[in-house]
Amino acid sequence: MRRNLFLYLTLACFFGLIVIFIVDGYMGVYDTVYVTSGERPEKIEADFWLRQGRAAPAGMENSYYISSADRDEKVFFRYEVANRRFSGYTADIEVAVWHNQEKVHDVISQPISIEAFDEGQAEWVIDATELLPEALPPEQSYEYTVIIKRGEIERKIIMRINQRAYPPESPIRPVPVPVPPPPR
Amino acid sequence: MKLEYVLFGFGILFSLAGVGYLAVEYVKYLSEVWKLVALLLTVGMFACLSKYFEDIGW
Chain A
1450 MRRNLFLYLT LACFFGLIVI FIVDGYMGVY DTVYVTSGER PEKIEADFWL
1500 RQGRAAPAGM ENSYYISSAD RDEKVFFRYE VANRRFSGYT ADIEVAVWHN
1550 QEKVHDVISQ PISIEAFDEG QAEWVIDATE LLPEALPPEQ SYEYTVIIKR
1600 GEIERKIIMR INQRAYPPES PIRPVPVPVP PPPR
Chain B
2 MKLEYVLFGF GILFSLAGVG YLAVEYVKYL SEVWKLVALL LTVGMFACLS
52 KYFEDIGW
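Note that the protein sequences, when read in sequence, are chains A and B. Note that this note's numbering has the first sequence beginning at 1450, numbered continuously upward. Note that this note's numbering has the second sequence beginning at 2, numbered continuously upward.
Keep in mind the hints are simulated off the structure, nothing from the lab.
List of simulated lysine-lysine pairs, BS3-like, C-alpha gap at most 25 Å:
{"no.": "1", "chain 1": "A", "residue 1": "1552", "chain 2": "A", "residue 2": "1605"}
{"no.": "2", "chain 1": "A", "residue 1": "1605", "chain 2": "A", "residue 2": "1492"}
{"no.": "3", "chain 1": "A", "residue 1": "1492", "chain 2": "B", "residue 2": "29"}
{"no.": "4", "chain 1": "A", "residue 1": "1552", "chain 2": "A", "residue 2": "1523"}
{"no.": "5", "chain 1": "B", "residue 1": "52", "chain 2": "B", "residue 2": "3"}
{"no.": "6", "chain 1": "A", "residue 1": "1523", "chain 2": "A", "residue 2": "1492"}
{"no.": "7", "chain 1": "B", "residue 1": "29", "chain 2": "A", "residue 2": "1598"}
{"no.": "8", "chain 1": "A", "residue 1": "1605", "chain 2": "B", "residue 2": "29"}
The structure presented is a predicted model; accordingly, all values stated were derived computationally and were not measured.
Assemble the whole structure, with the sequences as input and the hints as a guide.
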């Protein structure tokens, strides 16, 4: 009996490993974000948010900085939610655009219901042109944050709108920003 | 070499390959606590396997 004891312990450790990888690693609800700006598709996998949460500096948890988009481009988003559980999953998905801690634009707000071991997705398009302030000069870049809320989960994607490399000739000249006098 | 030893070897090899595949695919999703438990189980598995082979005289 003792001779096989260590064999049984080995098997127990082995099956314990299998169970851990399946239960904690595979099962659960995982989301993936696909962002396409111009001709550049990007995929933000589920483990990115886990790494960001543990390793990111304070205040940068769950933030993601994607490649820039040009001013006259549309940015296409696809948000996939994989429900790897034995029960169904329902949540409300809300997407909004924020800038400087203020909400600029509500994009979508819809419920999502996913059956066991199934996937659901939501898609939306953000037109960079519509979000830029009118007074923004073409040689100035701009940033905003796309916040995706799925129930209690929040994903932030920081988007940068490039400045125009060669501003078109226009009779309208940008308003110069007054420089305050130096303090005495 | 006895056939059963060959089968033992194949069995151990494939088991380790299976665990290795699961580790590569899903370890990134594990929480910190379960990563530590998995590491301890891995060490314990190899330790117990070594002890078993020592007991049977290998």
